[in-house]
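Asks: Given the structure of chain A, go ahead and fit chain B onto it with the hints provided.
Residues per chain, in single letters:
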Amino acid sequence: MDCLRTEQKLSEYLESGLPAEDMHQVAEHLEGCKQCSALFHEMQSAVNLCHNYPTLEMDPDFLEKILLRTSGRPRTRSFRERFNQYFLRPLLTPRFAAAAVLATLFIALMVNFMAPRLSIALSDLSPSGLFQLLDMGVQQIYGEGLKAYEKVDSWQAKFNDIKNSAPNKLRYMIEQIEAPVEGRKKSQEQIQEKEKSPKEKSSRLLSWPA
Amino acid sequence: MLSGDLKLVERCLQGDDAAWEMLVSSYGKRIYNLSYRYTNRKDDAEDLTQEILIRVYQNLKSYRSEAGSFQNWILRVARNLVIDHYRQMRRNPQTGGSEELETMNIKDVKIPTPQRAAEQSEAARFLQNGLQALSPELKEAIILRDLEGMAYNEMSELLNVPEGTVKSRINRGRLELAKLLTKRRAQLGVPV
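Sequence lines, in order, name chains A and B.
Numbered by the numbering used here, the letters in the first sequence go through residues 1 to 210 in order.
Numbered by the numbering used here, the letters in the second sequence go through residues 1 to 192 in order.
Just chain A, with the same shape it has in the complex:
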């Protein structure tokens, strides 16, 4: 077999697609001919390069663009893709992480300042220990409630005093304005005398205004 005929069969020889006799003849020629042998090796290398050529992936956005231009419908997204897009990706940003850390610190500080301090030992975490803690907590809350009620009571009493004494004081002021000077002196003396006797004072305080 000559070089020209060998060249014509090289491609099929490479793919082992020739009949057995032709395969043998080509192999014999390649053994004896350096030029054809070099050409065969180069062809092998070129085909290998083609087989190892990188495959490109289609961008999902490009795929969506095609779907929108043809059917007018966007790409179907799997649950995992939607989860990543709407939940995970917004969370995994430096800005969100910094905000989360600050918020956690703030809440921890607020709880630390405002919440009542509890000293809990590990031994208190038994059921009876937990019950005792609960009982202590309830009693504490009840005590605080009673204190608050007493405060309200004293405020109520003060309010009633003011309410009861205000009309008398007002009446006195009006009398002072209306009465002449001499009459004012006499009425002042009369008031002073009356104020000296404690019984009359208390009865005046207890009496309702007319």
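Treat the hints loosely; a few may be bogus.
What the hints assert, rightly or not - As a list, the in silico DSS-like pairs of lysine-lysine whose alpha-carbon atoms are at most 25 Å apart:
1) Lys65(A) - Lys61(B)
2) Lys29(B) - Lys65(A)
3) Lys34(A) - Lys183(B)
4) Lys61(B) - Lys7(B)
Said to hold, decoys possible - Which bits of chain B does chain A cover? Going by a derived footprint, with three or more residues having C-beta under 8 Å, they are:
5) 124-134
6) 139-153
Since the hints were derived computationally from the structure, they do not count as laboratory data.
Predicted model only: the values in this text are computed from it and were never measured.
Idealized CB from N, CA, C, for every residue including glycine.
Replies: Chain B only, in chain A's frame:
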């Protein structure tokens, strides 16, 4: 696969958008890679892919299963548009060179390690230059056979030529490519 494609096409014709999405997902990547191998530019490949799939969508009614497989039909549409694009490029050649693989979006390419990526990129560029120097007929034969992995009978049906002609073109294409690469290696001093 054949019956699966037929069912999808029938559903598409009935207005099922989900079926169309499945077809695009199945063939889109192949068409995209085919377009890239012809054009060597990502933006041109995207435009071409879009054009091809729009044409397929518009002409889906004209597909007949008796004429051949859906795969070949879609590749035929792709090929016609690629040839049109090639003719247009010849009339209005772009001054910019082909796009390097390194400049493409990393998520576009499945590459194991950076070193391997560099080697593959170098090899791919080497091959691209060699393919560009081939005539359109031979380049097409190499792309369909060695890059797309099509069988002889599929190529014969797609190109509408006898199988013998397909084999002859592949042989000549490979020989040409081998000689070109040998010369390039000698010029660059790259070992085999």
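Asks: For this structure, which hints from the list above don't hold up?
Replies: none
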